[in-house]
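Enquirer: Given chain A's structure and the hints, the job is docking chain B onto it.
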Amino acid sequence: MFKLDEVKAHCDVPCGIYDPIVAQIAALSVIRMIDLMNAAEGTGTKYHNDMARYVAVKEAEAIKCKEEIRIIWGDFIKPPQIAENPEIHTIVHNIMMLGGAAKQHASRDKAMELLAEINKFAEIFWKIKGVKTKVAKSPYAPNEDVVYPLL
Amino acid sequence: MFKLFKISGDSLYPFYKNGQRVLCLKIFPKTNISVDDTVVFKKDSYGMMIKRVKKIRDGTYFVEGTSPDSIDSRNFGVLDFKEIHYKVLFKI
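Chains as they are written, first to last, in this note's numbering: chain A, 1 to 151; chain B, 1001 to 1092.
Isolated chain A, as found in the complex:
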């Protein structure tokens, strides 16, 4: 009697899978690369090869920080959540600038600022999701503070 058609009640694709942990790990990687660059010694081929790899990874991870945060900010965060967390635009803008600085320079302090801003973003993200968070040291180098969801 009735033809059954499908109608979409979809979320963003893939359905609702957003997590700032990728950006947080990328920020840790930036710090780690700077630590390795500062610890590198020598002038030979191995030194140049190692340094080139550290710089390349630092560049890629800094870009990943910007990209991951931009996607969550643009696709997941909606006007009602912006109204409840008006500081989010400033935090995202800071992440974009600090991500750029992480590529341009090799400053550990700037990289730590990048991680701190991404952690602030993660705190807001999990608050929106109704998930409590904790701050803990990453269980691997550079062993810096990361905001984790309490699941």
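Keep in mind the hints are simulated off the structure, nothing from the lab. Source: prediction; values computed, not measured. Note that the Cβ used here is the ideal one computed from N, Cα and C, for glycine as well. Incorrect hints may have been included.
[To be verified] Pairs of lysine-lysine, DSSO-like flavour, derived with a Cα cap of 27 angstroms:
# : chain 1 : residue 1 : chain 2 : residue 2
1 : A       : 110       : B       : 1026
2 : A       : 3         : B       : 1091
3 : A       : 134       : B       : 1003
4 : B       : 1082      : A       : 132
5 : A       : 127       : B       : 1017
6 : B       : 1055      : A       : 3
7 : B       : 1091      : B       : 1003
8 : B       : 1026      : A       : 8
[Claimed, not checked] Now the in silico label distances, taken between C-beta atoms and shown as ranges:
#  : chain 1 : residue 1 : chain 2 : residue 2 : range
9  : B       : 1017      : A       : 37        : 46 to 54 angstroms
10 : A       : 82        : B       : 1060      : 15 to 23 angstroms
11 : A       : 145       : B       : 1014      : 30 to 38 angstroms
12 : A       : 67        : B       : 1018      : 47 to 55 angstroms
13 : B       : 1017      : A       : 130       : 15 to 23 angstroms
14 : B       : 1092      : A       : 87        : 23 to 31 angstroms
15 : A       : 70        : B       : 1017      : 29 to 37 angstroms
Expert: The following block gives chain B in isolation, referenced to the frame of chain A:
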């Protein structure tokens, strides 16, 4: 006049779950659409969608899912009356 739809997705959870079947009434020019009605509409890039009417202003309809990740008027803006094809009568 009536049409049966199967819902795909969870953006209206817990009101409607993925796979839920709903009986819908076709929208005619004089059909009344109110806030909290669940409506079926067509958006070019998204196809046939189902969402709840959150606000009605100046003859336009702001539709939303219950999930913060839902693709709805927060993404594609308000709907005109003519874009809405059905409204949900009840779950089956």
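Enquirer: Next, verify each hint and record whether it holds.
Expert: How the hints compare with the structure:
no.: 1; hint: A:110 to B:1026; result: violated, 59 angstroms
no.: 2; hint: A:3 to B:1091; result: holds, 16 angstroms
no.: 3; hint: A:134 to B:1003; result: violated, 49 angstroms
no.: 4; hint: B:1082 to A:132; result: violated, 43 angstroms
no.: 5; hint: A:127 to B:1017; result: holds, 24 angstroms
no.: 6; hint: B:1055 to A:3; result: violated, 31 angstroms
no.: 7; hint: B:1091 to B:1003; result: holds, 12 angstroms
no.: 8; hint: B:1026 to A:8; result: holds, 17 angstroms
no.: 9; hint: B:1017 to A:37: 46 to 54 angstroms; result: holds, 52 angstroms
no.: 10; hint: A:82 to B:1060: 15 to 23 angstroms; result: holds, 21 angstroms
no.: 11; hint: A:145 to B:1014: 30 to 38 angstroms; result: holds, 36 angstroms
no.: 12; hint: A:67 to B:1018: 47 to 55 angstroms; result: violated, 29 angstroms
no.: 13; hint: B:1017 to A:130: 15 to 23 angstroms; result: holds, 19 angstroms
no.: 14; hint: B:1092 to A:87: 23 to 31 angstroms; result: violated, 45 angstroms
no.: 15; hint: A:70 to B:1017: 29 to 37 angstroms; result: holds, 32 angstroms
Checked against the numbered hints above, the structure violates hints 1, 3, 4, 6, 12, 14; every other hint is satisfied.
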